[in-house]
Amino acid sequence: DTGVSQNPRHKITKRGQNVTFRCDPISEHNRLYWYRQTLGQGPEFLTYFQNEAQLEKSRLLSDRFSAERPKGSFSTLEIQRTEQGDSAMYLCASSPGLAVNEQFFGPGTRLTVL
Amino acid sequence: ILNVEQSPQSLHVQEGDSTNFTCSFPSSNFYALHWYRWETAKSPEALFVMTLNGDEKKKGRISATLNTKEGYSYLYIKGSQPEDSATYLCAPQDSNYQLIWGAGTKLIIKP
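Chains as they are written, first to last, in the working numbering: chain A, 1 to 114; chain B, 1 to 111.
Hints in this document: simulated from the structure, not taken from any laboratory. Don't take every hint at face value.
Here are the simulated BS3-like pairs of lysine-lysine, each with C-alpha atoms no more than 27 Å apart in a straight line [what the hints assert, rightly or not]:
| no. | chain 1 | residue 1 | chain 2 | residue 2 |
| --- | --- | --- | --- | --- |
| 1 | B | K57 | B | K110 |
| 2 | B | K58 | B | K110 |
| 3 | B | K57 | B | K42 |
| 4 | A | K11 | B | K106 |
| 5 | A | K71 | A | K11 |
| 6 | B | K42 | A | K11 |
| 7 | B | K57 | B | K69 |
| 8 | B | K78 | B | K106 |
| 9 | A | K57 | B | K42 |
Kindly generate the complete structure, drawing on both the sequences and the hints.
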């Protein structure tokens, strides 16, 4: 399967713990996006990378959130000191960097903070 | 681009009926309009990308139109089938490549 993959698919954690999610984009795609989606809402933009450079971060992304894409391939999203409000679906998408920015999504990681 | 609105929020349609729903967006700084379908337990999947005013795209029983001057797009489904049940998301793209997502229209097809 050459699509976007995300691991883990589900994560249950206790408040205050740190969690890390991984996204493997489509191999030739140079743009990678992280989104958060809560019930009844569309995807909310968190951050995006052009190759290894993190070009934009949303104001939603507090200092407890950090994302990396060290070699311009896979990316990780870490949430430190998780709060119950962090419970959501975290989606990763990649795109080939064309002007019309069609994005290809992974299956998401469902985070539940108890 | 701010204030992407999709209506209705949810929709129940009898199998075999046709339906449509709307995406409204500010027309300034517009570059493209994306429609995605998101089925439960699956990844969002691209349906259409449209860039020009008056564009119309079609894929099987699903079609979409675009009016960039007044800032809206319609998605039409003809002869709804149970497999059409999903959330349909629209996302206008600005010239900085960013997609701004609507909250979606949740479509439920009743057999």
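Structure-based check of all given hints:
Using a Cα cut-off of 27 Å, the hinted pair B/K57 and B/K110 holds, with the two alpha carbons roughly 26 Å apart. For the proposed pair B/K58 and B/K110, the alpha carbon gap of about 23 Å is at most 27 Å, so the pair holds. About 24 Å separates the Cα atoms of B/K57 and B/K42, which keeps this hinted pair within 27 Å; it holds. Only pairs whose Cα atoms come within 27 Å are accepted, and A/K11 paired with B/K106 is accepted, the gap being roughly 26 Å.
With a CA separation close to 25 Å, the supplied pair A/K71 and A/K11 stays within the 27 Å bound. Between B/K42 and A/K11, the direct Cα distance comes to roughly 17 Å. Compliance with the 27 Å bound is thereby established for this hinted pair. Among the hinted pairs, B/K57 with B/K69 is consistent with the structure: their alpha-carbon atoms are about 18 Å apart, no more than 27 Å. A C-alpha spacing of about 16 Å is found between B/K78 and B/K106, which places the hinted pair at or below 27 Å, so the restraint holds.
For the proposed pair A/K57 and B/K42, the alpha carbon gap of about 26 Å is at most 27 Å, so the pair holds.
Violation of the numbered hints given earlier is absent; every hint is satisfied by the structure.
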